[in-house]
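Given the coordinates of chain X, work out where chain S should sit on it, guided by the hints.
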Amino acid sequence: MRALRRYHATFFLGMFLFFLLVSDFRHLRGYDVSLFLELDPLTALGGLLTSHTLYKGLAWSLVILLSTLFLGRFFCSWVCPLGILNQLAGYLFNRRRPVDAYADNRYRSIFRVKYYLLTALLLLALLGGLQIGLLDPIALLERSFAVGVLPAVHGREIPLYPYQPYFHGGILISMILLGILLANRFMPRFWCRVMCPLGALLGVFALRAPLRIRRDVDRCTSCSRCLEACQGGCDPHTELRVSECHLCMNCIEACSEGALHYGLSQPRSSVHQSLDIGRRRLVESGVTALALFPMLRSSRSAFAHPVPEVIRPPGALPEGDFLARCIKCAACMRVCPTNVLQPALLEAGLEGLWTPILINAQGYCEQYCVLCGQVCPTAAIRPLSVAEKVGAKPFPHPIRVGTAFFDRGRCLPWAMHTPCIVCEEMCPTSPKAIWFQSVAIPDREGKPVALKQPFVEPSRCIGCGICENKCPVVDQAAIRVTSVGESRSQRNKMILKGDVA
Amino acid sequence: MSRRQFIREISITSGLAAGIGVGGWLAYSNEPIRRQPEVIHKLRDFRVPPSAHHPQLAVVRGTDVPRMTREAITRLGGIERFIQRGDKVLLKPNVGWDRQPEQAANTGPELVAAMVRLCREAGAKAVWVTDHSLNDPARCFFRSGIEEATHQAGGEIRLPRQEDFVRADLGGTLLKVWPVSRFFLEADKVINLPIVKHHSLSGCTLAMKNWYGVIGGTRNRLHQDIHTSIVDLAAAVRPTLTVMDATRVLQRNGPTGGSVADVSRENTLIAGLDEVAIDAFSLQFLNLQPETVPFLALGEQRGLGHVRWQDLNVSQTQIG
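So the sequence lines, in the order shown, correspond to chains X and S. By the numbering used here, the letter at position 465 of the first sequence is numbered 699, and the numbering carries on one by one without gaps. By the numbering used here, the letter at position 228 of the second sequence is numbered 294, and the numbering carries on one by one without gaps.
This is chain X alone, in the form it adopts within the complex:
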């Protein structure tokens, strides 16, 4: 059984990594690269609560949810890549004497924390704030790999990105992953046992599973060797805690008496324990979530008021809907060819932590690229066709993500008598949104200098940011894009005419 689990685990972890690797313009060939996020019942449930819809691919999660009802919390050890990594890390880091392993693997009341976290996250979602992405294991791992691990292994021999990518605050995301893996040192599968809200959700669904680990009380000699090997902290040596058991099957292998099996009950099977949660604590976490939500919403953010630097990817829903769908998985950042998509820190408010924003100093939005919307598992960035993005027939307008503005104090032809217009050259729209006037301006000595002074035509600008990215004034460009004029917002507008859609 354990060997079988290891094959499964290797296969699913391999699949997860494969999808990450092919999430790239050169290798993307119609694979469902977001499959893992779509299999995730917490993503589906969270999104269902905030948006009242189950976006297409997320129906896959029903497969997991329904099988959990019968099979128990198998997802955690057999499918979940973070569970598999934790299991591996625990195996590598946590070699102890049996006497310490017994103590480590005994059930502890701290395991209840995940249920409280789940309660708080689901209540927040019910009220309309989607924060499950912070702790959902699949979103967390996808984000950690896209922003932390893959950029670190990218190199000449392993070209994962077109160029070395850099991510805004990537070190924080990377350290959280390392912290989670190292936590296995003092408790095997610490994350899965204590923190994981998806594990808690599956634990609740597994409570009535007919198939589970059963102990034959006649054969059992109470030697506790099953406990030594237990990864779930689910007490297989006494009355198994079904909701905690993630079916690693180690206990069956460890039992020298053959007293444990996975299956239906037999006449001499031991009884099992139900969910262990403090009702008082559960109410407390619920009330905290209820109180936190209006506080969160009353803090000033891109949702309350458009923020210039919160430029969302093309196809992003209006800010409120966007936040109600985005699970911060960073799949869009993995697939972005120019590295312009970056995890926001506090630009979009606390609610928008690690949601994608465009930082044009880092990249720009490639005119004919629609990959971010194609890989988004929840349609926070809805899938666009190229025609819709660039405004080809039958679409009347291109998708705008913002508008470019000249900083005439920094622009070379405007402020420094120096020819330039790189921005005009780069502008991808046809006709170009950036145009210029040829002028002769007297310099310091009064000698006229022939210059081309650039302007932006806001009705043509799509906010792609290539002008800002390629501007020779590199530290802070002389032309910068802000979110105003973005297609997704009805409020964030400035021009009366020609700036519709």
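Since the hints were made in silico from the structure, they are not lab data. We treat Cβ as the ideally placed atom computed from N, Cα and C, and that holds for glycine. Fair warning: there could be bad hints in the mix.
[Said to hold, decoys possible] Now the in silico label distances, taken between C-beta atoms and shown as ranges:
#1 391/X with 107/S: 22 to 30 Å
#2 369/S with 678/X: 30 to 38 Å
#3 413/X with 81/S: 38 to 46 Å
#4 728/X with 304/S: 47 to 55 Å
#5 110/S with 728/X: 35 to 43 Å
#6 674/X with 304/S: 31 to 39 Å
#7 455/X with 81/S: 54 to 62 Å
#8 420/X with 86/S: 48 to 56 Å
#9 684/X with 115/S: 56 to 64 Å
What follows is chain S alone, placed relative to chain X:
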């Protein structure tokens, strides 16, 4: 403390002390950071000797690009004049933009494929196709059709990465030591495959301006003196051969383009060794005069070629 113990302790301590002393003496320097002497590369001259038996400019009009390419090269003396068996050949088309061939922002894939085939036939060991694109390079090579055309014809795509740029002395008036794509240092022969396009600052993007794709670094600063930059680059990279693509010409909104409405069909290829003459000849497709394009006169002054192409031996043909 026993004698044995004392000897042991004292030898470890003296060893450490000596190690620190020697280490400090070896590492002593009055510079804060140790530096390797920097290697400054130099670009080779890729030209072949001039020939009096062949025209200096071969202009071929028609619609069958592979045949036109072959005809133009034949008129210049055949591919054997330029490529020897075992050469590593680098083709430099303009693959600057994430655009399709019809939008005429990049060199046509048919011309690239035809040149790859000719070089293969001449026995080239490897034919590399490279450019330093302005949009995402993977997209530019894919969507321009150049990636597929190159692979089908038996060539290799070389996408320069940041670490593929090494410092080289361009020896220009403006451009001195600058990062250069190392593929240009490794090749034996270099063939320039530009396209005729409108450009709002220099007036036009032609053969000489195509060498922007050789260098890395902050290229966007070159616009501050674009004509001198163009001439500096053209003087630094002396190609074996130039074949100008004027089958489709971007008349407006260059060099990015984006709309087929800005493209006119001219169905012409111009091949030769004199980049200034080729550029001067190509101006007619954009309705420009040589006097309004300063880099041509600057190039002639620098000894790069002749603005008055009419004075050269030009062979013009129509096929197909």
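Evaluation of the provided hints:
Evaluation of the 22 to 30 Å hint for residue 391/X and residue 107/S yields a pass: the beta carbon distance comes to about 23 Å. The supplied range of 30 to 38 Å is met by residue 369/S and residue 678/X, whose beta-carbon atoms lie about 35 Å from each other. The hint said 38 to 46 Å for the Cβ distance between residue 413/X and residue 81/S, and at roughly 40 Å that hint holds. Look at residue 728/X against residue 304/S: about 52 Å separates their beta carbons, and that is inside 47 to 55 Å.
Hint check: residue 110/S to residue 728/X, Cβ distance near 54 Å, so the stated range 35 to 43 Å is violated. One distance hint, 31 to 39 Å for the beta-carbon pair residue 674/X and residue 304/S, holds here, with the actual separation near 36 Å. For residue 455/X and residue 81/S, the hinted distance range of 54 to 62 Å is satisfied, since their beta carbons lie about 58 Å from each other. Distance hint check for residue 420/X and residue 86/S: the Cβ-Cβ separation is about 38 Å, which falls outside the suggested range of 48 to 56 Å.
Distance hint for residue 684/X and residue 115/S: a CB-CB separation of about 41 Å, inconsistent with the stated range 56 to 64 Å.
The structure does not agree with the numbered hints 5, 8, 9 stated previously, though it agrees with the rest.
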